[in-house]
Amino acid sequence: GQQLNQSPQSMFIQEGEDVSMNCTSSSIFNTWLWYKQEPGEGPVLLIALYKAGELTSNGRLTAQFGITRKDSFLNISASIPSDVGIYFCAGDNYGQNFVFGPGTRLSVLP
Amino acid sequence: ETGVTQTPRHLVMGMTNKKSLKCEQHLGHNAMYWYKQSAKKPLELMFVYSLEERVENNSVPSRFSPECPNSSHLFLHLHTLQPEDSALYLCASSQEWLNFYNEQFFGPGTRLTVL
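Those protein sequences? They're chains A and B, same order as listed. Numbering-wise, the numbering used here puts 97 at position 97 of the first sequence, and it's gapless, one number per residue. Numbering-wise, the numbering used here puts 67 at position 67 of the second sequence, and it's gapless, one number per residue.
What the hints contain is simulated information worked out from the structure, not anything from laboratory work. Each hint should be verified, as a subset may be incorrect.
As the list claims (entries may be wrong) - Here are the simulated DMTMM-like pairs of lysine to aspartate or glutamate, each with C-alpha atoms no more than 20 Å apart in a straight line:
hint : chain 1 : residue 1 : chain 2 : residue 2
1    : B       : 36        : B       : 56
2    : A       : 51        : B       : 103
3    : B       : 36        : A       : 71
4    : A       : 70        : B       : 103
5    : B       : 40        : A       : 54
6    : B       : 36        : A       : 41
Unchecked claim - If we take Cβ atoms under 7 Å as the criterion, some of the chain A residues that face chain B in the derived model are:
hint : residue
7    : 28
8    : 38
9    : 41
10   : 42
11   : 43
12   : 48
13   : 94
14   : 95
15   : 100
16   : 102
Claimed, not checked - Computed far set for chain A versus chain B, every beta-carbon distance over 10 Å:
hint : residue
17   : 4
18   : 8
19   : 12
20   : 24
21   : 30
22   : 31
23   : 64
24   : 67
25   : 71
26   : 81
27   : 82
28   : 90
29   : 96
30   : 99
31   : 107
32   : 110
Owing to the predicted nature of the structure, the values given are computational and were not obtained by experimental measurement. Where a beta carbon is used, it is the ideal one built from N, C-alpha and C, also for glycine.
One chain only, chain A, in its complex shape:
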């Protein structure tokens, strides 16, 4: 089946720094979604992208739908301690191939 790769697998950053992570696939998707999961909780939807090249923001978060439709990027500006968690990308094709990436674990050092 389709698989997604996320990089980096984990990252340690200083509070206030900007963060970039990406998600890639060998197959195209029509929808890209980004979720955040905190310890002991389920994933929470951050941003959904529906069009190749689309750039969407949610507060300090910005995500882009790659023009090849095989990748997506998530940026977090001016990180704060509550940004800590695991960030998952998910690709979807009209509900038929909804697949999650393995996640990027983010740690923010004060």
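Given chain A, put chain B in place with the hints provided.
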């Protein structure tokens, strides 16, 4: 505050026990999902229900038995589980199945430990 609730939040059971996980969504959605999340593995889709009908079963062992009595409730019945079934079980819902706008909303999960 999530629109998807799950109970119990934690469950410890022996291999011979029978237990059930419950999920309820308050979002008016028509599709519901069960996922398994194990350490160091991507989320694995187990079952999909659309309008109370099971539409996907991703090669899940028969010791896991789902039930969807109505579009707001989803159960996962467990019996004779194995220790490797220990994981976080997540329920999710979306407006429709097989829809372009397929944003899934997750519950907090049930942390299951099989002894």
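Hint by hint, here is what the structure shows:
| no. | hint | verdict |
| --- | --- | --- |
| 1 | B:36 - B:56 | holds (14 Å) |
| 2 | A:51 - B:103 | holds (14 Å) |
| 3 | B:36 - A:71 | violated (25 Å) |
| 4 | A:70 - B:103 | holds (19 Å) |
| 5 | B:40 - A:54 | violated (30 Å) |
| 6 | B:36 - A:41 | holds (13 Å) |
| 7 | 28 | violated (14 Å) |
| 8 | 38 | violated (10 Å) |
| 9 | 41 | holds (5 Å) |
| 10 | 42 | holds (3 Å) |
| 11 | 43 | holds (5 Å) |
| 12 | 48 | holds (5 Å) |
| 13 | 94 | holds (6 Å) |
| 14 | 95 | holds (4 Å) |
| 15 | 100 | holds (4 Å) |
| 16 | 102 | holds (5 Å) |
| 17 | 4 | violated (8 Å) |
| 18 | 8 | holds (15 Å) |
| 19 | 12 | holds (18 Å) |
| 20 | 24 | holds (14 Å) |
| 21 | 30 | violated (7 Å) |
| 22 | 31 | violated (7 Å) |
| 23 | 64 | holds (18 Å) |
| 24 | 67 | holds (19 Å) |
| 25 | 71 | holds (17 Å) |
| 26 | 81 | holds (21 Å) |
| 27 | 82 | holds (17 Å) |
| 28 | 90 | violated (8 Å) |
| 29 | 96 | violated (6 Å) |
| 30 | 99 | violated (8 Å) |
| 31 | 107 | holds (17 Å) |
| 32 | 110 | holds (27 Å) |
The earlier numbered hints that this structure contradicts are 3, 5, 7, 8, 17, 21, 22, 28, 29 and 30.
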